Amino acid sequence: MGEDEEWRRFEVLAMPHLDAAYNLARWLTHDAHDAQDVVQEALLRAMRYIGGLRLESARPWLLQIVRHTCYSWLKENRPAQQVSLDDPDDAWRELPAPSANEPPALAIREADRRQINEAIAALPAPYREVFVLRELEDLSYNDIARIAEIPIGTVMSRLARARGLMRTSLAPGRPALRTVTRSAQGGVNA
Amino acid sequence: MKTTGEAWKVHAFVDDELDLASRLAIEQRMETDTALRQQVESLQALRDATREHAERHAVPDDLRERMTAMLRATRREAPAPAAAPVPQPARAPGRYAWAHAIERWLAWRPLVASTAFVTMVAVGVNVAMLQASNTDKLMDEAIGSHVRSTVGEHLVDVASSDHHTVKPFLSAKLGFSPPVRELALPGSVFVGGRIDYLGGRPVAALVYRQGQHLVNAFVWPDSGGDSRPSFASERGFLIAHWSQGGMRHCVISDLNREEFNRLVEAVRVAAAS
Chain A
1 MGEDEEWRRF EVLAMPHLDA AYNLARWLTH DAHDAQDVVQ EALLRAMRYI GGLRLESARP
61 WLLQIVRHTC YSWLKENRPA QQVSLDDPDD AWRELPAPSA NEPPALAIRE ADRRQINEAI
121 AALPAPYREV FVLRELEDLS YNDIARIAEI PIGTVMSRLA RARGLMRTSL APGRPALRTV
181 TRSAQGGVNA
Chain B
1001 MKTTGEAWKV HAFVDDELDL ASRLAIEQRM ETDTALRQQV ESLQALRDAT REHAERHAVP
1061 DDLRERMTAM LRATRREAPA PAAAPVPQPA RAPGRYAWAH AIERWLAWRP LVASTAFVTM
1121 VAVGVNVAML QASNTDKLMD EAIGSHVRST VGEHLVDVAS SDHHTVKPFL SAKLGFSPPV
1181 RELALPGSVF VGGRIDYLGG RPVAALVYRQ GQHLVNAFVW PDSGGDSRPS FASERGFLIA
1241 HWSQGGMRHC VISDLNREEF NRLVEAVRVA AAS
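Protein chains in written order, with the working numbering: chain A, 1 to 190; chain B, 1001 to 1273.
Check the hints yourself; a few may be wrong.
Okay, the calculated beta carbon distance ranges per label pair [as the list claims (entries may be wrong)]:
| # | chain 1 | residue 1 | chain 2 | residue 2 | range |
| --- | --- | --- | --- | --- | --- |
| 1 | B | H1053 | A | H33 | 50 to 58 Å |
| 2 | A | D19 | B | R1072 | 15 to 23 Å |
| 3 | A | K75 | B | R1047 | 39 to 47 Å |
| 4 | B | E1052 | A | A32 | 18 to 26 Å |
| 5 | B | E1006 | A | A32 | 26 to 34 Å |
| 6 | B | R1051 | A | H68 | 39 to 47 Å |
Since the hints were derived computationally from the structure, they do not count as laboratory data.
Every value quoted in this text rests on a predicted model; they were computed, and no experiment measured them.
Even glycine gets a Cβ: it sits at the ideal position worked out from N, Cα and C.
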């Protein structure tokens, strides 16, 4: 394949996912300017790895590169924010069932824009990324596993915990923004 | 909190990630198990609230332009693309069909000829190269057409949310009168219509937007009787095709399965009205 065809392939297959790339970067860095830097850097990287680009998986392919770029960018520029979770691969088998005191569906449906966005932003990064990929980008467990480079079981357990934290912060009577990040990190490996 | 070995199934159920048997088993249990039903409802409420309210950050225009310019600049350094032959000797008939379609397209639409030609060659080359050996050629063309339209160069010929504007335009250009209706589906926006080519014939392409997703509904005359929709999943897109009222319908999108099923139903209802 000629070099020129590769660029056109890139333009046709990868560029439609630029919004998804930016959205992920924006949610992971919490900052519009940082997200722009990350996306630009990620696209440059992506062009170097263009051989891995396929029509059927262009979106996970690009998002995986964006995620990588995000974390190396954060490591370099925000070393204090690094979070790593070593949850076991089979944690999904032992997910806690939702407890009796959690908010009923009605209370969640009444949550407003600010509450939802603050609750997502407050999720620890490993939970936030699977939540954003699933609920905002509508990706399958399979694609999320590929992007985040974790087993599908871990996708499920992180997604379940992300939802648990979301429901806790959306519970009525609580301040909309709790420091979920701090408290959740302590409890992750419990 | 009590622990259960099955909590993951509730999430997978809401995410439409269960196989059919497990899915039916959960649906059946929900009829009697109130706690389970509440769990599902709570998860669905969170999903719906998130989809409604969560910020989907669109890439800023200047960054998109910068990136596109960067790509184009890189392309110009490489040899001119227009005369490049399709490097797939085994696909000679397909190549002929494409060449034919392009020729007819050019005759039809001189104003967009230059962009359309470059886009069609690009997509034609890509689709030909990426094509799985045993997929239906028409599905491939539909995917190619869908991808091409969503790349943003040529989504609609007539942009209007009013079917009274779109239908006469398409009928005049096509020589048949496709059923053009807004969909009775929450969140569905009718974007407009365009003339496209599938299988070497001109077809009507009706474009809808469902949330963040674009939907192409292709319609052309068909002499066969009515049929139920067949669904296929190809390269991350869902496709449904069926015959109804003397027309062949082919709907394609990257929606999730649940939303896609609802959409297809809405298209069928609209086509019947």
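Going down the list of hints, with the structure as the test:
no.	hint	result
1	B:H1053 / A:H33: 50 to 58 Å	violated, 24 Å
2	A:D19 / B:R1072: 15 to 23 Å	holds, 19 Å
3	A:K75 / B:R1047: 39 to 47 Å	violated, 32 Å
4	B:E1052 / A:A32: 18 to 26 Å	holds, 22 Å
5	B:E1006 / A:A32: 26 to 34 Å	violated, 41 Å
6	B:R1051 / A:H68: 39 to 47 Å	violated, 27 Å
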